[in-house]
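Start from the sequences, fold in the hints, and give me the full structure.
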Amino acid sequence: MSYETMLALGVSLGVTIAVLSAAMAQAKAAVAAMEAIARQPDMAANVRGLLLLTLALIESLVIYCLIVFFTLQGKLAPVADMIQTQVGR
Amino acid sequence: MHEGSSGGFGGHGQWLNALQPYIPEWAQGYVDPVVITAWLIVGLLVLLAYLGSRRLRSVPSGLQNVWEFFIETLEGLCVDMIGPGGGRFAPFITTIFLYVFFNALVGLVPGFAAPAASLNATFAPALVVFFAVQYFGFKEHGLKYLKHFTGDAWLLAPVLFTVHLISELAKPLSLAVRLFGNTFGDDTLVAEFIRLSAEAMKAIWVPLPFQLPFLFLAMFIAFVQALVFVMLTGAYINMAISHDADQADDHQPAETEQVA
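Chains V and U, in that order, are what the protein sequence lines are.
Heads up: the first sequence begins at 1 in my numbering, then just goes up one per residue.
Heads up: the second sequence begins at 1 in my numbering, then just goes up one per residue.
You may find that some hints are simply not true.
[Said to hold, decoys possible] In silico negatives: residues of chain U with every beta carbon more than 12 Å from chain V:
| # | residue |
| --- | --- |
| 1 | 110 |
| 2 | 154 |
| 3 | 202 |
| 4 | 206 |
| 5 | 214 |
| 6 | 239 |
[Said to hold, decoys possible] With a straight-line Cα cutoff of 25 Å, these simulated SDA-like cross-link-like pairs (lysine to any residue) come out:
| # | chain 1 | residue 1 | chain 2 | residue 2 |
| --- | --- | --- | --- | --- |
| 7 | U | 171 | V | 64 |
| 8 | U | 171 | V | 50 |
| 9 | U | 171 | V | 58 |
| 10 | V | 75 | U | 174 |
| 11 | U | 171 | V | 14 |
| 12 | U | 171 | U | 135 |
| 13 | U | 144 | U | 235 |
| 14 | V | 28 | U | 174 |
| 15 | V | 75 | U | 119 |
| 16 | V | 75 | U | 193 |
| 17 | V | 28 | V | 18 |
| 18 | U | 202 | U | 188 |
| 19 | U | 171 | V | 71 |
| 20 | V | 75 | V | 12 |
| 21 | U | 144 | U | 239 |
| 22 | U | 171 | U | 141 |
| 23 | U | 202 | U | 189 |
| 24 | U | 139 | U | 75 |
| 25 | V | 75 | V | 16 |
| 26 | U | 171 | V | 51 |
| 27 | U | 147 | U | 164 |
| 28 | U | 171 | U | 91 |
| 29 | V | 75 | V | 14 |
| 30 | V | 28 | V | 52 |
| 31 | V | 75 | U | 190 |
| 32 | V | 75 | U | 189 |
| 33 | U | 171 | V | 19 |
| 34 | U | 171 | V | 70 |
| 35 | U | 171 | V | 21 |
| 36 | U | 171 | U | 243 |
| 37 | V | 75 | U | 192 |
| 38 | V | 28 | V | 15 |
| 39 | V | 75 | U | 191 |
| 40 | U | 139 | U | 173 |
Keep in mind that the hints were calculated from the coordinates and are not lab data.
Fair warning: this is a prediction, and the values are worked out from it, not measured in the lab.
Where a beta carbon is used, it is the ideal one built from N, C-alpha and C, also for glycine.
Have a look at this one:
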């Protein structure tokens, strides 16, 4: 596989895998928070604040992956050039 | 990342682009729309603070009311994160919160580029937090603050010191990159939807704002990211000034108002 192919695969799959894992992690956090609120409704304010902080921290890991995505996307050649190299091969 | 999309005078449709001919030669690389916008935000915050504190009444109303509600909420947050003595960090944390929140928010105003969408301007509050946390740690513990870095076993001290130093350096890095990624991603998303609605105007001859839901999302994300920035600052200050080195920092959280 050529360099552009691998780069395009990296660009598309990187954020996807990060978002998948972050969705699973945030789901676990949200389920735990909802069970805690259901078990003790008068702690709802504390749990809500902690849940928001936890969700933002997990999401920031996806944002690190997004930065890598933007960096790699800057290295991709324009589509016309890539088609030229494929056709000229 | 596109050239000139965040920071720099070539950015799309900024009002500050009109200032470029008036900047003298020696300041060309240094005076940037990001810097000018950040200073404008600082000026706006100073103006709001001055207007809110002019004639202080016992029963507040108007701008003073807003400021009091806001300061009380953030002071409750400080006490929640740092413990009972947390009130003395409240001015620092409130300032950082307001600065970061307005930095991320001003990108949604037409004609302005968010300073938080440029990695240089998000490193500024992150570095301030880093140096402030070390300063608070040294002020609280004296030179024994360095014992936090080494742990208890003397043989492992160099290794633990290096590891702890790297983790201390990684904290402001993560703060800066988190704020930058969120703001830049949200602003890029809004810009893409504006472009989409501009292109859709070719087919339908009515300009529909496709970016409206994402404007609300971006405002919410700006608020949440400023809150996370400040909560993490509080957690780092808590870890720096805690007096039990190896004990987890769990204290009874005080009764606070709703955070979100």
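Here is what the structure says about each hint:
Distance check for residue 110/U against chain V: the nearest CB is about 24 Å away, which clears 12 Å, and the non-interface claim stands. For residue 154/U, the shortest C-beta to C-beta distance to chain V comes to about 34 Å, beyond the 12 Å cut-off, and the non-interface label holds. Look at residue 202/U: its CB is around 21 Å from the nearest CB on chain V, clear of 12 Å, so calling it non-interface holds up. The beta carbon of residue 206/U sits about 31 Å from the closest Cβ of chain V, which is more than 12 Å, so the claim that it is off the interface holds.
Residue placement check: residue 214/U keeps its beta carbon more than 12 Å from all beta carbons of chain V (closest about 16 Å). Under the 12 Å C-beta cut-off, the non-interface status given to residue 239/U relative to chain V holds; the minimum distance is some 15 Å. Using a Cα cut-off of 25 Å, the hinted pair residue 171/U and residue 64/V holds, with the two alpha carbons roughly 14 Å apart. Of the supplied pair hints, the one linking residue 171/U and residue 50/V holds, its CA atoms being roughly 19 Å apart against a limit of 25 Å.
Between residue 171/U and residue 58/V, the direct Cα distance comes to roughly 15 Å. Compliance with the 25 Å bound is thereby established for this hinted pair. The suggested pairing of residue 75/V with residue 174/U holds, with an alpha-carbon distance near 24 Å, which does not exceed 25 Å. Straight-line distance between C-alpha atoms of residue 171/U and residue 14/V comes to about 24 Å, which keeps the hinted pair within the 25 Å bound. A threshold of 25 Å between alpha carbons decides the hint, and for residue 171/U with residue 135/U the separation of about 15 Å falls inside it, so the pair holds.
A C-alpha spacing of about 20 Å is found between residue 144/U and residue 235/U, which places the hinted pair at or below 25 Å, so the restraint holds. Restraint check: the Cα-Cα separation between residue 28/V and residue 174/U comes to about 23 Å, which is no more than 25 Å; the hinted pair holds. Distance restraint check for residue 75/V and residue 119/U: the Cα-Cα separation of roughly 19 Å lies within the 25 Å cut-off, and the hinted pair is therefore satisfied. Of the supplied pair hints, the one linking residue 75/V and residue 193/U holds, its CA atoms being roughly 24 Å apart against a limit of 25 Å.
For a cut-off of 25 Å, the pair hint linking residue 28/V to residue 18/V stands: about 16 Å separates their Cα positions. Our distance criterion of 25 Å between C-alpha atoms is met by residue 202/U and residue 188/U, whose separation comes to about 22 Å. Pair hint residue 171/U plus residue 71/V holds up; C-alpha atoms about 22 Å apart against a cutoff of 25 Å. Pair hint residue 75/V plus residue 12/V holds up; C-alpha atoms about 13 Å apart against a cutoff of 25 Å.
At roughly 14 Å between alpha-carbon atoms, residue 144/U and residue 239/U fall within 25 Å of each other, so this suggested pair holds. Distance hint between residue 171/U and residue 141/U is fulfilled; the C-alpha atoms sit about 21 Å from each other, no more than 25 Å. Simply put, residue 202/U and residue 189/U have alpha-carbon atoms about 21 Å apart, close enough for the 25 Å limit, and the pair holds. Proximity of residue 139/U to residue 75/U is assessed by CA-CA distance (about 21 Å); at most 25 Å being required, the pair is judged to hold.
Between residue 75/V and residue 16/V the alpha-carbon distance is near 19 Å, which keeps this suggested pair within the 25 Å criterion. Taking the CA atoms of residue 171/U and residue 51/V, the gap is near 21 Å; set against the 25 Å cutoff, the hint holds. For the hint pairing residue 147/U with residue 164/U, the CA-to-CA distance comes to about 11 Å; that is within 25 Å, so the pair holds. A C-alpha spacing of about 21 Å is found between residue 171/U and residue 91/U, which places the hinted pair at or below 25 Å, so the restraint holds.
Using a Cα cut-off of 25 Å, the hinted pair residue 75/V and residue 14/V holds, with the two alpha carbons roughly 15 Å apart. Distance restraint check for residue 28/V and residue 52/V: the Cα-Cα separation of roughly 13 Å lies within the 25 Å cut-off, and the hinted pair is therefore satisfied. Proximity of residue 75/V to residue 190/U is assessed by CA-CA distance (about 23 Å); at most 25 Å being required, the pair is judged to hold. Only pairs whose Cα atoms come within 25 Å are accepted, and residue 75/V paired with residue 189/U is accepted, the gap being roughly 20 Å.
A distance of roughly 22 Å separates the Cα atoms of residue 171/U and residue 19/V; the hinted pair therefore holds under the 25 Å criterion. Between residue 171/U and residue 70/V, the direct Cα distance comes to roughly 22 Å. Compliance with the 25 Å bound is thereby established for this hinted pair. Taken as a hint, the residue 171/U and residue 21/V pair is honoured in the structure, with Cα atoms around 22 Å apart against an allowance of 25 Å. Between residue 171/U and residue 243/U the CA atoms are separated by roughly 21 Å; this keeps the pair inside 25 Å, and the hint holds.
Distance hint between residue 75/V and residue 192/U is fulfilled; the C-alpha atoms sit about 20 Å from each other, no more than 25 Å. Straight-line distance between C-alpha atoms of residue 28/V and residue 15/V comes to about 20 Å, which keeps the hinted pair within the 25 Å bound. Of the supplied pair hints, the one linking residue 75/V and residue 191/U holds, its CA atoms being roughly 21 Å apart against a limit of 25 Å. The straight-line distance between the Cα atoms of residue 139/U and residue 173/U is roughly 23 Å, inside the 25 Å bound, and the hint therefore holds.
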